[in-house]
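Participant: What follows is the residue order along each chain.
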Amino acid sequence: MNKLITIEEARELFRDGMTIMSGGFMGVGTSEKLVSAVLASEAKDITLISSDTSLEETGVGPLISNNQVKKVIASHIGTNPITGKKMIAGEIDVELVPQGTLAERIRAGGSGLGGVLTPTGVGTMVEEGKATLEIDGKEYLLEKPLHADIAILKAYKADKAGNLVFRQSARNFNPIMALAADLVVVEVEELVEVGELDPDTVVTPGVLVDNILV
Amino acid sequence: MSEIMKSAKETIAERVAKEMRNGDLVNLGIGLPTLVPNYLPDGVDVILQSENGFVGLGPVKDEVSKDLVNAGGQPTGIRPSGAFFDSLLSFSLIRGGHVDVTVLGGLEVDQNGNLANWIIPGKMVPGMGGAMDLVTGAKKVIVAMEHCSKKGAPKILKECKLPLTGKGVVDLIVTELAIFRVTIDGLVLEELQEGVELETVMEKTEASFTIDSNLKTEQLN
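Read top to bottom, the protein sequences are chains A and B.
Take the first sequence: its position 59, counting from 1, is numbered 59 in the numbering used here, and each next residue is one higher.
Numbers given in the numbering used here equal positions in the second sequence, counted from 1, plus 1000.
Chain A on its own, in the form it takes in the complex (with noise of 0.2 Å):
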């Protein structure tokens, strides 16, 4: 099966409405090309899952510049200050949610589980409108899980059949989101022939990837 697709078919891929995913930490592992094709979709209404908004030029910081977002959940917005201009200014809706607690959640919804039990927000604005359970004498919120139609994710290597390589800090959240939507396109670095990538190096592994960007 050919997962290879090039960049114009890449901006075939996004719709009004869409939830999507992108991998990335302030900008580092976001798929910048994959980001290019979303502003070149024009697709609206956009709820982006992301870790954070990171820079105004840098990884999905241009979706929010471009006014294509209408929903960002994320555990940090306060280096990009469009993100936090247009929540102020009730053009975008803004969920934060702790970092560990986000990762869990997309984790949740790419693997079946109808949520996580957390003790992280206890006591605090994180908790409010959710459900709590005390477990052996210890209070723990029900975080549900997050689902997306597209991931866009960012790898070092890719075999041809998917296979994906990382590279240092780049992972973050990629492999988490490669389980959780119902594409996931990602861009590599460098592809290479299948059987050329050792199976025990392959973090994320290719029955998961629909389609790979050079």
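What you were told as hints is all true, and nothing was included just to trick you.
Lysine-lysine pairs mimicking DSSO-like chemistry, simulated, CA-CA at most 30 Å apart: (1) A:130 x B:1167; (2) B:1123 x A:71; (3) A:130 x B:1123; (4) A:138 x B:1139; (5) A:130 x B:1140; (6) A:44 x A:3; (7) A:144 x B:1161.
Just so you know, the hints here were simulated from the structure itself, not pulled from any lab data.
Given chain A, work out where chain B should sit, using these hints.
Facilitator: Same frame as chain A, now just chain B:
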């Protein structure tokens, strides 16, 4: 640097460093906490975690890598003993009690060990990032902050007014004036920083506290 020239931040970082044990896995918040490794006592080496996905945080070696940044997004290095992983494992280390010590800044701390450091409603809404997980999961939570705000208002309060980062999570408060331990019986003043009078601390602390019977000062009063 002479003792007289030492800034409040350096005084705080130096004292926090004494809380570290050799081999501790440590997560440092941005700002003041990042000064702590400069003051580790001889024979004490710690492993630093960067919550974006590795342990073994260290200085940049040879050349900068675009894929290697710290939790503030700045270029950094990794020690030869380090390891990379994804955000799930990173926060399992944090929430699962594998991180021995976290050092964070604070906007407000109160006598019940509540911490507020992530939001000033209407003014500053950056998000909590990993802070809520850190204060919930780390074995020891140290708040390293200046004793009063820039306007001179006490930051150690009877009750936090700002939205909390964590409830009852703080173990130790280190300021340029004093060191408080949070116990089930409330706040205990354990130490005065060098040259600081007890009266000064009482004046600049809103919270109620008791004084440890072994109160230590570097200097005889």
